[in-house]
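Enquirer: Given two chains presented individually in distinct reference frames, assemble the corresponding complex, making use of the accompanying hints.
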Amino acid sequence: DAKTTQPPSMDCAEGRAANLPCNHSTISGNEYVYWYRQIHSQGPQYIIHGLKNNETNEMASLIITEDRKSSTLILPHATLRDTAVYYCIVRVALTGNQFYFGTGTSLTVIP
Amino acid sequence: DVKVTQSSRYLVKRTGEKVFLECVQDMDHENMFWYRQDPGLGLRLIYFSYDVKMKEKGDIPEGYSVSREKKERFSLILESTSTNQTSMYLCASSFDRRKKETSLSNQPQHFGDGTRLSIL
Chain A
1 DAKTTQPPSM DCAEGRAANL PCNHSTISGN EYVYWYRQIH SQGPQYIIHG LKNNETNEMA
61 SLIITEDRKS STLILPHATL RDTAVYYCIV RVALTGNQFY FGTGTSLTVI P
Chain B
1001 DVKVTQSSRY LVKRTGEKVF LECVQDMDHE NMFWYRQDPG LGLRLIYFSY DVKMKEKGDI
1061 PEGYSVSREK KERFSLILES TSTNQTSMYL CASSFDRRKK ETSLSNQPQH FGDGTRLSIL
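Protein sequence lines correspond, in order, to chains A and B.
4 is the number that my numbering gives to position 4 of the first sequence; each next residue is one higher, with no gaps.
1026 is the number that my numbering gives to position 26 of the second sequence; each next residue is one higher, with no gaps.
Hints were generated in silico from the structure; no laboratory data involved.
Hints should not be assumed to be uniformly reliable.
[Claimed, not checked] So these bits of chain A aren't anywhere near chain B, every CB distance computed over 12 Å: (1) P7; (2) M10; (3) C12; (4) I47; (5) S61; (6) R68; (7) T72; (8) I74; (9) T108.
[Unchecked claim] Away from chain A, derived, C-beta distances all over 10 Å, residues of chain B: (10) F1020; (11) M1027; (12) Q1109; (13) S1118; (14) I1119.
[What the hints assert, rightly or not] Some chain B residues judged to face chain A by a derived CB distance under 7 Å, without partners named: (15) T1005; (16) L1041; (17) G1042; (18) L1043; (19) P1108; (20) F1111; (21) G1112; (22) D1113; (23) G1114.
Only a predicted model underlies this, so the values are computations on that prediction, with no experimental measurement involved.
Beta carbons are placed, not taken as given, at the ideal position from N, Cα and C, and that holds for glycine.
Pulled out of the complex, with its shape left as it was, chain B reads as follows (with noise of 0.2 Å):
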């Protein structure tokens, strides 16, 4: 099975504080996204990589970055928090080059148990 391991589970936070959110896969998956989920919203893609030291913005990077260094491993920065990061960050990967059966297109994203931030 796929694991997808999230560093914390609840974080809480002061505003202005730098924070790190780890994101680690076991599967050897090329790709890696980072979402945030909230109520009303839906998950909002922040960030997604298609290999190591790439990275491209998806629709609501303001305020993070990211970095990819090892191909397990994906990592959302906030560089600043504000109280609007108040929020569940999911990371999900994607895309197993061994799996001859499947395509690159049609694999599906899986995705960790999420870390709560609070920021206050």
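Chain A with its partners taken away, still in its complex shape (with noise of 0.2 Å):
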């Protein structure tokens, strides 16, 4: 599975949009995008996920990038609750294959 790079931690403003970079320069063709958010002491949360298109649902937005080497994840209205660890992950999605959870990006929503 491709290594990604996220910044450690960000701030955003309650109600302004966060945006959440992640780098996989080494992606490959047949590996999907996933954003999955960890709200301290619960389990993970999944977000959305996609392979080359941008993606939107209720929670948020996935903007891929055309050479597939980045992505940004879009929160539009960032809430209090939005506080959390987000985990960009990539991975060829085959039955069994675990998700490699780094790091993650640290969001802090202020009031």
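Expert: Structure follows, in structure tokens:
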């Protein structure tokens, strides 16, 4: 699975968009980009995933660059409950393959 | 919404005890997983299962065993606990065959809230 690089921490004002970057320059053609978050003392929560097209769901948007070497998770209107560690993961989506969680980005939403 | 339920949030045991951690999912998922999460080490896969009565070793199976007698339930067993098994244990499940719009290969894993196990 490709290695990912994320900033260790970010702040965002409540109500503003939070843009979390992820670099995955060694991604291969069959690897998906997944985003999870983990709020303190809870299990990881799935947010969104994509292969090469931009994706949007009720939680967030995922923007993947054309060369697929980086992506950005966008939380359109951050709330205090979005304070969490956000993990970007790239993996070949095969049955049984584990998810390799790196150190992620600790996002703090400020009132 | 997918619901993965782990039987205990916090557990304290003594070394040498046998411990069962239970996990139940309500989405008829085929695959289930057990991970442990430790500071600085991320998530490490202990065991996973593709189907009832099937099990596969992950990266760190030593000291653990699993049981999957029913599709919705996946148990992690610590036969004789040691202090280095103090950790957060996370169960996950994936793959709903009824979701024809997505393939087997790209459905995400959904996690429970974890069991924080302390071995004294």
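Enquirer: A separate judgement is required for each hint: does it hold in the structure or not?
Expert: These are the hints, each one checked on the structure:
1. For A:P7, the shortest C-beta to C-beta distance to chain B comes to about 17 Å, beyond the 12 Å cut-off, and the non-interface label holds.
2. No Cβ of chain B comes within 12 Å of the Cβ of A:M10; the nearest lies about 19 Å off, and the non-interface call holds.
3. Even its closest Cβ contact with chain B, about 24 Å, leaves A:C12 beyond 12 Å, as expected for a residue assigned away from the interface.
4. A:I47, annotated as away from the interface, has a beta carbon of chain B within 12 Å; the closest lies near 9 Å.
5. Even its closest Cβ contact with chain B, about 16 Å, leaves A:S61 beyond 12 Å, as expected for a residue assigned away from the interface.
6. Once the 12 Å rule is applied to beta carbons, A:R68 is consistent with being away from chain B; the minimum gap is 15 Å.
7. At roughly 19 Å, the least C-beta separation between A:T72 and chain B is larger than 12 Å, which holds for a residue marked as non-interface.
8. With 12 Å as the threshold on Cβ separation, the claim that A:I74 sits away from chain B holds: the shortest Cβ distance comes to roughly 18 Å.
9. Against the 12 Å criterion, A:T108 stays outside the reach of chain B, whose nearest CB is about 19 Å from its own CB.
10. Distance check for B:F1020 against chain A: the nearest CB is about 19 Å away, which clears 10 Å, and the non-interface claim stands.
11. For B:M1027, the shortest C-beta to C-beta distance to chain A comes to about 12 Å, beyond the 10 Å cut-off, and the non-interface label holds.
12. Distance check for B:Q1109 against chain A: the nearest CB is about 6 Å away, which does not clear 10 Å, and the non-interface claim fails.
13. For B:S1118, the requirement that its beta carbon stay farther than 10 Å from each beta carbon of chain A is met, with the minimum near 14 Å.
14. Look at B:I1119: its CB is around 19 Å from the nearest CB on chain A, clear of 10 Å, so calling it non-interface holds up.
15. Interface hint at B:T1005: violated, since its Cβ lies 11 Å from the closest Cβ of chain A, which is beyond the 7 Å cut-off.
16. Checking B:L1041 against chain A: minimum C-beta separation of about 10 Å lies over 7 Å; hint violated.
17. The beta carbon of B:G1042 is positioned within 7 Å of a beta carbon in chain A (closest approach about 4 Å), and the interface hint is therefore held.
18. A cut of 7 Å between beta carbons decides the hint on B:L1043: the least distance to chain A is about 5 Å, and the hint holds.
19. Among the interface hints, the one on B:P1108 holds; its C-beta lies about 5 Å from the nearest C-beta in chain A, closer than the 7 Å criterion.
20. Given hint, B:F1111 at the interface with chain A, holds; its Cβ is 4 Å from that chain's nearest Cβ, closer than 7 Å.
21. This hint holds: B:G1112 has a C-beta 5 Å from the nearest C-beta of chain A, less than the 7 Å allowed.
22. Restraint check, B:D1113 versus chain A: the minimum CB separation of about 5 Å is within 7 Å; hint holds.
23. Using the Cβ-Cβ criterion of 7 Å, the hint placing B:G1114 at the interface with chain A is satisfied: the shortest such distance is roughly 5 Å.
The structure fails to meet hints 4, 12, 15, 16 from the earlier list, while all remaining hints are met.
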